[in-house]
Amino acid sequence: MAPSAVTEPHHEGLTTFPVKNGRLLKEYGDLSNGHLSPEARKKTEFLLDRHLHRSFPVVESAKGHYLHLTDGRTIFDATSGAAVSCLGHGNQRVIDAMTAQLTTGVPYLASTFWGSEIVEKLCKELIDGTEGKMSRVYLTGSGSEAMEAAIKLSRQYFYENNKKTSRVNFIAREHSYHGNTIGALGISGHVARRAPYTPFLMGNVHHISPCNAYRQRQDGESDADFVAKKAAELEAKFQELGPETVVGFMMEPVVGAALGCVPSVPGYLKAMRDVCHKHGALFILDEVMSGMGRCGTLHAWQDEDVVPDLQTIGKGLGAGYQPIAAVLISHTVVNALLNGGGQFIHGQTYQGMPIQAAAALEVQKIKREENLVENVRIQGIYLEKRLKALLGDHSNVGDIRGRGLFWGIEFVKDKNTKEPFALKMGIAQKVHDTAISAPFNMTMYPGTGTVDGISGDHVILAPPYNITKADAEYIAQVTSDVIHQVFG
Numbered sequence: 001m002a003p004s005a006v007t008e009p010h011h012e013g014l015t016t017f018p019v020k021n022g023r024l025l026k027e028y029g030d031l032s033n034g035h036l037s038p039e040a041r042k043k044t045e046f047l048l049d050r051h052l053h054r055s056f057p058v059v060e061s062a063k064g065h066y067l068h069l070t071d072g073r074t075i076f077d078a079t080s081g082a083a084v085s086c087l088g089h090g091n092q093r094v095i096d097a098m099t100a101q102l103t104t105g106v107p108y109l110a111s112t113f114w115g116s117e118i119v120e121k122l123c124k125e126l127i128d129g130t131e132g133k134m135s136r137v138y139l140t141g142s143g144s145e146a147m148e149a150a151i152k153l154s155r156q157y158f159y160e161n162n163k164k165t166s167r168v169n170f171i172a173r174e175h176s177y178h179g180n181t182i183g184a185l186g187i188s189g190h191v192a193r194r195a196p197y198t199p200f201l202m203g204n205v206h207h208i209s210p211c212n213a214y215r216q217r218q219d220g221e222s223d224a225d226f227v228a229k230k231a232a233e234l235e236a237k238f239q240e241l242g243p244e245t246v247v248g249f250m251m252e253p254v255v256g257a258a259l260g261c262v263p264s265v266p267g268y269l270k271a272m273r274d275v276c277h278k279h280g281a282l283f284i285l286d287e288v289m290s291g292m293g294r295c296g297t298l299h300a301w302q303d304e305d306v307v308p309d310l311q312t313i314g315k316g317l318g319a320g321y322q323p324i325a326a327v328l329i330s331h332t333v334v335n336a337l338l339n340g341g342g343q344f345i346h347g348q349t350y351q352g353m354p355i356q357a358a359a360a361l362e363v364q365k366i367k368r369e370e371n372l373v374e375n376v377r378i379q380g381i382y383l384e385k386r387l388k389a390l391l392g393d394h395s396n397v398g399d400i401r402g403r404g405l406f407w408g409i410e411f412v413k414d415k416n417t418k419e420p421f422a423l424k425m426g427i428a429q430k431v432h433d434t435a436i437s438a439p440f441n442m443t444m445y446p447g448t449g450t451v452d453g454i455s456g457d458h459v460i461l462a463p464p465y466n467i468t469k470a471d472a473e474y475i476a477q478v479t480s481d482v483i484h485q486v487f488g
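Per this note's numbering, the very first residue in the sequence shown carries number 1; after that it's consecutive.
None of these hints come from the bench; they were simulated from the model. Beta carbons are placed, not taken as given, at the ideal position from N, Cα and C, and that holds for glycine. Warning: the hint list may mix true and false statements.
Said to hold, decoys possible - Cross-link-like lysine-lysine pairs, in silico, BS3-like; alpha carbons within 30 angstroms at most: (1) Lys365 / Lys124; (2) Lys121 / Lys424; (3) Lys237 / Lys164; (4) Lys270 / Lys388; (5) Lys229 / Lys133; (6) Lys124 / Lys270; (7) Lys133 / Lys237; (8) Lys388 / Lys413; (9) Lys133 / Lys121; (10) Lys270 / Lys385; (11) Lys385 / Lys469; (12) Lys278 / Lys164; (13) Lys365 / Lys229; (14) Lys469 / Lys388; (15) Lys424 / Lys413; (16) Lys121 / Lys152; (17) Lys270 / Lys229; (18) Lys229 / Lys388; (19) Lys133 / Lys278; (20) Lys152 / Lys164; (21) Lys152 / Lys237; (22) Lys418 / Lys237; (23) Lys133 / Lys385; (24) Lys121 / Lys63; (25) Lys418 / Lys388; (26) Lys163 / Lys152; (27) Lys388 / Lys415; (28) Lys469 / Lys63; (29) Lys424 / Lys469; (30) Lys385 / Lys413; (31) Lys278 / Lys229; (32) Lys365 / Lys63; (33) Lys124 / Lys152; (34) Lys270 / Lys133; (35) Lys229 / Lys418; (36) Lys270 / Lys152.
What the hints assert, rightly or not - Estimated spans, in silico, between C-beta atoms of each pair: (37) Ala232 / Lys385: 33 to 39 angstroms; (38) Asp223 / Thr332: 26 to 32 angstroms; (39) Lys163 / Thr44: 45 to 51 angstroms; (40) Leu47 / Lys424: 23 to 29 angstroms.
Throw the hints in and build the complete structure from the sequences for me.
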């Protein structure tokens, strides 16, 4: 009997490849980016690229879920870039909205002097998305900038109430990533990213362990007991620092790049917020990667209705059509500003540009009008089911976790002991390189440091919100075949 082919009729232009019993036939051998043609792996000469000794495939154009390379290949974008392009590429409605704003002659305004109706409309849309549980929006140009703003705003909240406030300490989590600017990196607990800049990082940030059930929960330990243990750890850190010195606690509801889509255990968000509020500190959520619909609710905190005091959002806000992020601010914090100095002592040149707002507003309208967040939930359930069916028993797949259309696969050398592969093996990068190579032609988002900030490998799948069930099946099947190709 001839081997089957992994293909869907609507995936026109994608290379199909023969598999047998869900595994790629061995005839393809070892694949890596090394086989790509020179024009598809062109090194930059003038751009300071992310890696000076690595060349990258060159994208010529993109449409929908597909990237078109200069070597003629078509790549299925199963990661939305870096979990950004949630509507896919080349959405005409967003392009038209941006064009309309450009034709007004006002792509940019100095927010120090002028107001903008399109910016206000976007902010209203965002507050409506919280059902009025948040009060105002502060717009920025990136997730890192949003985190910097949140750091300063949280401190100013206490400063407005007491100019001699003793609240100077932040608590965050180990193995976390909140941005690459100095303040955001200081909050982060990502060992490798922090290492070169440690002397510059804030000394008033203190870390506790993350909520990683796969790595930390004891056999037979219930959600309630696990959460209680985590809350006790946060309480102990408050007591160690002095409760009256803590500004706030910062975390991702679903940890993105640092750990590979590790979701909070049910009840964890509420327990951590309760500890913060018990001591008058702020509860701050970083939803730059996990928010704006990515996890099956518009905001990840809405899954359990645990409203934060401050929240950063980003990637799914502009969907890659404009660089835009934001801080959503609670009524409590806004009231402190209104009753205090009446301003946020912060600002940047390119904050709240009308062209950014036009793109982001149209992105939010499309999500709402096409019911895409609900589609994320539905397709996410199916994607989880298929990934676990195809890979759950694989000896080198330790964990498959996530929520909505935000899924991580952690790789292990030993499934029983959860021992990771050696860092020098570059497992996550090898999986990525294999995935984007022919005949697979699909993106996967690689990550390392999953175990302790240095060792451990994972990949992330974060497809656009408008995928179909057939797309989800395709993603799961290709993912399975890539992993079987790499590990056997």
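Right, here's what the structure says about each hint:
| no. | hint | in the structure |
| --- | --- | --- |
| 1 | Lys365 / Lys124 | holds (12 angstroms) |
| 2 | Lys121 / Lys424 | violated (50 angstroms) |
| 3 | Lys237 / Lys164 | holds (23 angstroms) |
| 4 | Lys270 / Lys388 | holds (29 angstroms) |
| 5 | Lys229 / Lys133 | holds (29 angstroms) |
| 6 | Lys124 / Lys270 | holds (26 angstroms) |
| 7 | Lys133 / Lys237 | holds (29 angstroms) |
| 8 | Lys388 / Lys413 | holds (18 angstroms) |
| 9 | Lys133 / Lys121 | holds (17 angstroms) |
| 10 | Lys270 / Lys385 | holds (28 angstroms) |
| 11 | Lys385 / Lys469 | holds (12 angstroms) |
| 12 | Lys278 / Lys164 | holds (21 angstroms) |
| 13 | Lys365 / Lys229 | violated (41 angstroms) |
| 14 | Lys469 / Lys388 | holds (16 angstroms) |
| 15 | Lys424 / Lys413 | holds (13 angstroms) |
| 16 | Lys121 / Lys152 | holds (25 angstroms) |
| 17 | Lys270 / Lys229 | holds (14 angstroms) |
| 18 | Lys229 / Lys388 | holds (29 angstroms) |
| 19 | Lys133 / Lys278 | holds (20 angstroms) |
| 20 | Lys152 / Lys164 | holds (16 angstroms) |
| 21 | Lys152 / Lys237 | holds (22 angstroms) |
| 22 | Lys418 / Lys237 | holds (28 angstroms) |
| 23 | Lys133 / Lys385 | violated (33 angstroms) |
| 24 | Lys121 / Lys63 | holds (28 angstroms) |
| 25 | Lys418 / Lys388 | holds (17 angstroms) |
| 26 | Lys163 / Lys152 | holds (14 angstroms) |
| 27 | Lys388 / Lys415 | holds (15 angstroms) |
| 28 | Lys469 / Lys63 | holds (19 angstroms) |
| 29 | Lys424 / Lys469 | violated (37 angstroms) |
| 30 | Lys385 / Lys413 | holds (24 angstroms) |
| 31 | Lys278 / Lys229 | holds (17 angstroms) |
| 32 | Lys365 / Lys63 | holds (20 angstroms) |
| 33 | Lys124 / Lys152 | holds (23 angstroms) |
| 34 | Lys270 / Lys133 | holds (16 angstroms) |
| 35 | Lys229 / Lys418 | holds (22 angstroms) |
| 36 | Lys270 / Lys152 | holds (24 angstroms) |
| 37 | Ala232 / Lys385: 33 to 39 angstroms | holds (35 angstroms) |
| 38 | Asp223 / Thr332: 26 to 32 angstroms | holds (29 angstroms) |
| 39 | Lys163 / Thr44: 45 to 51 angstroms | holds (49 angstroms) |
| 40 | Leu47 / Lys424: 23 to 29 angstroms | holds (28 angstroms) |
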